[in-house]
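Between the sequences and the hints, there should be enough to build the whole structure, so can you do that?
4 protein chains.
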Amino acid sequence: MAGNTFGQVFRVTTWGESHGTAIGAVIDGCPSGIALDLEKIQREMARRRPGQGGASSPRKEPDTIEILSGVFTPEGEGAPRTTGTPISLVIFNKDAHSKSYDNLRDVFRPGHGDFTYQAKYGIRDHRGGGRASARETAARVAAGAVAAQVLAQHGIEVVACTIALGGIRIARRDMATIHDNPYCCPDPEAAQRMEQRVREVRGRGDTVGGIVEIRGSCPPGLGEPVFDKLEADLAHGLMSIGAVKGVEFGAGFAAADLLGSENNDSICTSGFASNNAGGVLAGISSGQELVMRVAVKPIPSIAIEQTTINRAGEAVTIKVGGRHDISAIPRIIPVCEAMVRLTLLDHLLRQSAQAVEK
Amino acid sequence: MAGNTFGQVFRVTTWGESHGTAIGAVIDGCPSGIALDLEKIQREMARRRPGQGGASSPRKEPDTIEILSGVFTPEGEGAPRTTGTPISLVIFNKDAHSKSYDNLRDVFRPGHGDFTYQAKYGIRDHRGGGRASARETAARVAAGAVAAQVLAQHGIEVVACTIALGGIRIARRDMATIHDNPYCCPDPEAAQRMEQRVREVRGRGDTVGGIVEIRGSCPPGLGEPVFDKLEADLAHGLMSIGAVKGVEFGAGFAAADLLGSENNDSICTSGFASNNAGGVLAGISSGQELVMRVAVKPIPSIAIEQTTINRAGEAVTIKVGGRHDISAIPRIIPVCEAMVRLTLLDHLLRQSAQAVEK
Amino acid sequence: MAGNTFGQVFRVTTWGESHGTAIGAVIDGCPSGIALDLEKIQREMARRRPGQGGASSPRKEPDTIEILSGVFTPEGEGAPRTTGTPISLVIFNKDAHSKSYDNLRDVFRPGHGDFTYQAKYGIRDHRGGGRASARETAARVAAGAVAAQVLAQHGIEVVACTIALGGIRIARRDMATIHDNPYCCPDPEAAQRMEQRVREVRGRGDTVGGIVEIRGSCPPGLGEPVFDKLEADLAHGLMSIGAVKGVEFGAGFAAADLLGSENNDSICTSGFASNNAGGVLAGISSGQELVMRVAVKPIPSIAIEQTTINRAGEAVTIKVGGRHDISAIPRIIPVCEAMVRLTLLDHLLRQSAQAVEK
Amino acid sequence: MAGNTFGQVFRVTTWGESHGTAIGAVIDGCPSGIALDLEKIQREMARRRPGQGGASSPRKEPDTIEILSGVFTPEGEGAPRTTGTPISLVIFNKDAHSKSYDNLRDVFRPGHGDFTYQAKYGIRDHRGGGRASARETAARVAAGAVAAQVLAQHGIEVVACTIALGGIRIARRDMATIHDNPYCCPDPEAAQRMEQRVREVRGRGDTVGGIVEIRGSCPPGLGEPVFDKLEADLAHGLMSIGAVKGVEFGAGFAAADLLGSENNDSICTSGFASNNAGGVLAGISSGQELVMRVAVKPIPSIAIEQTTINRAGEAVTIKVGGRHDISAIPRIIPVCEAMVRLTLLDHLLRQSAQAVEK
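Chains as they are written, first to last, in the working numbering: chain A, 1 to 358; chain B, 359 to 716; chain C, 717 to 1074; chain D, 1075 to 1432.
There may be inaccurate statements among the hints.
Computed list of lysine-lysine pairs in DSSO-like fashion (alpha-carbon distance at most 30 Å, straight line) [claimed, not checked]:
# : chain 1 : residue 1 : chain 2 : residue 2
1 : C       : Lys810    : B       : Lys452
2 : A       : Lys94     : D       : Lys1168
3 : B       : Lys452    : B       : Lys418
4 : D       : Lys1134   : D       : Lys1168
So the derived label-pair ranges between C-beta atoms look like this [what the hints assert, rightly or not]:
# : chain 1 : residue 1 : chain 2 : residue 2 : range
5 : B       : Glu515    : A       : Glu289    : 37 to 43 Å
6 : A       : Val159    : B       : Glu424    : 20 to 26 Å
7 : A       : Asp95     : D       : Ser1172   : 31 to 37 Å
To be clear about the criterion: a stretch of chain B counts as covered by chain D if any three or more of its residues have a C-beta under 8 Å from a C-beta of chain D, and this derived list gives those stretches [as the list claims (entries may be wrong)]:
# : stretch
8 : 422 to 434
9 : 561 to 567
By construction, these hints were calculated from the structure, which means they are not laboratory data. Where is the CB? At the ideal position from N, CA and C, for every residue including glycine.
In structure tokens, the structure reads:
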């Protein structure tokens, strides 16, 4: 109801504010008996941490995950296993500079949720954006990292990369190179131009947007017809990321200009001849690769003077200080992967619920 | 779980297959005391009915809504009122030609759910696409028409129009003209070219896609932070429509190429200076107009020979007969409106749940 | 939210009023491929129908179930199979005498929901009790009869019987005899005294209550710890039946007077030595027989003058006419069975969701 | 799905094991702007803490609540207010003696969830009962204490007392005296005999059960017809408490022996003449006092030798050490109150969702 829970079987509830004591997630519905590799979870956290490439905030958060419940190390085993009970994950906030937000107590920053939170709740934690801060996504990444370990047992993998940043688009896709540059960009040459662009824009106190593409392997049969089509639930998950303003599957918006004869993916005895569908037919996965893209808007916190109003409704100007990213990319990449993983695992378990073995 | 229900407070469950006895919807959670104008509901059904413009199937369905429960006409009143109990809406199928689908019993049509339904369920009703048929959306439109009457009491209106069809984009927006052409296109000149394009493509047995834009008025404060952001739930609803392959809000994918200083909507004492956000900030409505667009893929049923396989996994060719639309546009337009209405009403009621009056 | 849906995976939504056009249920989440025996469903309906023994109303409803969706008869098979899509069940009302309720339009009958529905909704369908009528339970029995056919494949059976009626308690349990008397009473001698008691009370225009015991076979492992303990969900389901005012498991209220050493069920290599737990430990089924009992209050519609008030708040007297049962027993028996079946099947599927096969 | 969440609008998710790092609760859906009195919450915790009267375990847990999120102290105010975002409550475990459970690693204690957890999950945290421990209810009491502060604004109060313990029933009800004895017993003389009985049973290493009665004030109109009747949801909540084996409302099981003319509560111009209904009619609160009772089984951990089996299926004997209560009463009393409060607040908010102001 209040929207802090995602999933129906593998249910993740996140909590916490940017400058509160801690943030965290409770996972309910994780299958029991899964051996958890805690280092892998921590590595996933590191990918979302500030301080990556020229586009990231210098806020220093170790983002150390503590697991407070739901696991148990059986005698003679080295790693904890899930017990089927709720897994409580917590990350204590270490480097919150709340003071630098004092001047924002009564001002509505353009492009931020300040105005809408005030309108909805009549009260808001203004420090660092409170609940609306991207910091909340650290809890999603933690939960997604748990999901990844369950999915791995079913051969499901999810990888995201940057295909556009600051107006620069990739010209080729070499997935082997995505970890060679801070933007997870599969085109090394484009990655260089992106870095240059980011530096230039940062100099002006401005920010940039981009496009992230996420691909995943997926067995056929996931997704529910009608309202919970796989694309619908994936879109729900991806659009729930703050900076995302659009999502498309397979040919996506380009399909609007295609003929049926061009867009249809013929089926051969060896499989589908193309993948304009992005791996989903009638809301159910076909076994082809899942392909989706999200539009990421530029970070609204800019160091350029903007006009806005304060709580009293008076006109004021604002220049946002604090420590901010120049782009949500690349830190949004593990968040996109997390949301796709959470969605796929949830649908895998939903599918299992309907296929009770006789 | 099985995905045939939409909404959390105003919950709509649809049921029925294209060539079954009937299709229908059950609305649970409709506020009591709403006087229902049945003719208005029926008019909304008429907008989704086959036989509109050159792009529609000639299947003849009167789509007469019967309300089996949940309303009561108080003594001395002329119209039924909702009682707060479930409203059961049913539409009996009249013009199903199941015979023409006999040859499809064992063949997987490209671009359709035949393959994926078989993979998921191990059984499927092949007649007219069964549950995967767009006919299911008639039940959504009926439920959306009930929602519209509740929303009207709160001053919330939703209107959709076609901004691209078969590669033709609008050059201007004159909303007053959208009912003057069968495509709900706000550019009369573009509408003419669309009609021409549709006729030409139909001649070749092919189909076209397009883009629908939906706008809605909305009070500030709707939408839940984090996972159920207003955009996330709207995307969920819109992406659950069979032919939709992408959705974007405000500047959408174009925002990926903007700078923060260009994309931010400044706030003046008189309101927002622009609407790149599409009416939503941090997942909560700002009071600005909601603006979203969906990419509609071309109808996969084409009268051109395609290669595919049958249930035995053998290569076959297929040319889809039956009575089909050339484009999901314009019949998809009331469906898009319905999904936006259902989402907005649900969030209006959710917001109300959290604001219990003291 | 509005409470007309039961279950999380096998979700049943009922709709309809006592004197409306029809009542019905939509089942979402039924596994696909289940061959449905329609006659068995109809036989279950017959058990709940009016006109059984001296305690039942003479209203004549054939209660013929029509299945409008969600099934498909594969070529060469004689019976329909579930397809995994929603199953819409409808029962048209045939013998509603709304006129006889005209005098109740503005009067609040003691023991009925007239007052509370008016308080909650500000409007109510007074004819035959509207939505609050026990007629609604016909839809539950229909859905429960579908559930029974799925459960049967897993060896799960549920049987209820009457252990007290009108103050007469059974002295022995011979389950083989429960179909030899109209009260499903396992003590033939007590059954005769019950019949006598009912006749005598009917003569005075009064009504009686009783106790129903429900037993079920159940594999170990069903039920979720903490809030959705198997007993909690069974209690939820059983207490949702209008006339039920109490529910207990195993030793139940008698356990309050036992010592731990008396109440604990010892475990032997051959199984449990007793069953004070009623088949559930820590909210999870142990594999022992499930045993529960419900207290059924006397029907509030009595042909004896009572004092009450009308909508204007004025004191009036009332003597309830219409066609009413003398006791909810025995017609409540298949309803109790249905609620237990729906709960067990839902938990069987929930358990399956968490145990995705690797 | 996995059952660790309660409520639909005011949603409480608990997590944690008896001997893990911590236990806690996340509340999602709490209305914003509520000033929280933290001392009152802590006082409620104290009522559930071990070490009360002769019946309680000597385990020493301060049960200090830490609120990690969801509150904010506005400038110039002394107390934190809820912000409408999730409230994360955590209680670190301080006095866990896991060693004393080492011998239980492979043994199934009679009357406990050891066997069923193993059957369901294939793995279990045996230390102190793990997730099945009554320690989990501390998190419920914390959440219930927050709910109490919201309910207080609506004039809703809930009080529970002991009406039977170890076979001793109360003879009179003087609610003013319930805090004068450790059992919250409204009959001082019975309370003395209960204390004596507990001492005597403790000497034998045995344990006792009892009955708790809960009463609450409640405005008319709460509760949803059909499946989520107020009694059904209250029963769900109360039966989800480990030791509870039965629940009844108003006259409860006694109603089974009454005539309709005896059980019906006549309505006068000044209100209801009696309260056999326990404050609920047709599942909706009538405005009368809510009255319900729960049967509490004796604690299964007894210091008397019992026969059972181990994981290998071999017969063993067991005498349960550790620090245990002699009865779940009185510590279960604030837990019962918490579950009733959570249910009432949830229904208050649900009702509000359906009554959106026009």
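Hints, one by one, checked against the model:
no. : hint                            : result
1   : Lys810/C / Lys452/B             : holds (24 Å)
2   : Lys94/A / Lys1168/D             : holds (24 Å)
3   : Lys452/B / Lys418/B             : holds (8 Å)
4   : Lys1134/D / Lys1168/D           : holds (8 Å)
5   : Glu515/B / Glu289/A: 37 to 43 Å : holds (41 Å)
6   : Val159/A / Glu424/B: 20 to 26 Å : violated (50 Å)
7   : Asp95/A / Ser1172/D: 31 to 37 Å : holds (35 Å)
8   : 422 to 434                      : violated (count 0)
9   : 561 to 567                      : violated (count 0)
Violated hints, listed in ascending order, are 6, 8 and 9; each of the other numbered hints is respected by the structure.
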